[in-house]
Amino acid sequence: MKIFAIRNADIDKKKDLAYFFFSEKNRECCIEILQNADEWELPFVLDSYARRKHLTLGMSETLRFISQRIVPSDRQNIGMILKDNGLETYDEVSLFLLSEGRCAQDHCFLQKITETELPETIKERYKRRIVSAVPVASDQYLIAFMDGTVISFDLKKQVKAFPFLQRILTYAEKLQDLEIKGLGTEVACNQIGSISSDYLYEEGVKLSYALDDMIRLTNASMVTTQTMTELLGCSRQNINDMVKRGRISPMNTDTREQFFSRTELYKLL
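The sequence shown begins at 92 in this note's numbering and counts up by one.
These are computed hints drawn from the structure, not numbers from a lab.
We put the beta carbon where it would ideally sit given N, CA and C, even for glycine.
Below are the BS3-like pairs computed for lysine-lysine, each with C-alpha atoms no more than 25 Å apart in a straight line:
{"hint": "1", "residue 1": "K297", "residue 2": "K214"}
{"hint": "2", "residue 1": "K297", "residue 2": "K251"}
{"hint": "3", "residue 1": "K93", "residue 2": "K214"}
{"hint": "4", "residue 1": "K214", "residue 2": "K116"}
{"hint": "5", "residue 1": "K93", "residue 2": "K218"}
Simulated DEER-style distance windows between Cβ atoms:
{"hint": "6", "residue 1": "K214", "residue 2": "K335", "range": "43 to 53 Å"}
{"hint": "7", "residue 1": "N176", "residue 2": "E293", "range": "35 to 45 Å"}
{"hint": "8", "residue 1": "L323", "residue 2": "Y262", "range": "35 to 45 Å"}
{"hint": "9", "residue 1": "K297", "residue 2": "M171", "range": "51 to 61 Å"}
{"hint": "10", "residue 1": "E270", "residue 2": "R143", "range": "20 to 30 Å"}
Throw the hints in and build the complete structure from the sequences for me.
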């Protein structure tokens, strides 16, 4: 993952105002604004977030910021511009990085830094990013964060804050895994809206056990195909046949190495 400090050359070329995070592997990005950043020194768009104390920007918010600082996709000579910059297709982040984040609206720019150069406040904020979000009951999700915190999040109780959730509750036959985006800064709900990690962390019901506890419980509650064959005295072909006939159900869809709940095992003993 690449990290860039956002600085204002007109104020102080070495003073960090915010940080831009970008993963080349999955093409995701986000921005963290420093809590004490002066809104008058921040670049356009980021200043409005700072005024509202909204300091962690997810994927869509970050792309909105980037779009204000790069050549638009409908530019008449966009093909020539892309070719001159070695790009085959229009890519917002690539154009943003190529220009070092500069634009004519201000004197802000990007400066590449290492993770060790991040202030402790940002490192602590980073620990509140989402690592998993799964449906567990009617209208409820379990959501885990990097610091090990696990919350229960009830969609019905959040409809007033996020009206788009009503569409999910009304039309979705069953709850699906939430899509984690923006390097863990938000979750997308059926691609019709998103909820920030900060909101989930603050408003979710914190459970008394941590993510590590859940992992240990999960590991203790499941067995591999190999263990199933040893305890049942049968072959892998037999296990696969029982899965096809619906007699037992694996916990995952990976056909190379399936995992089963011990409940499925006890059905056959």
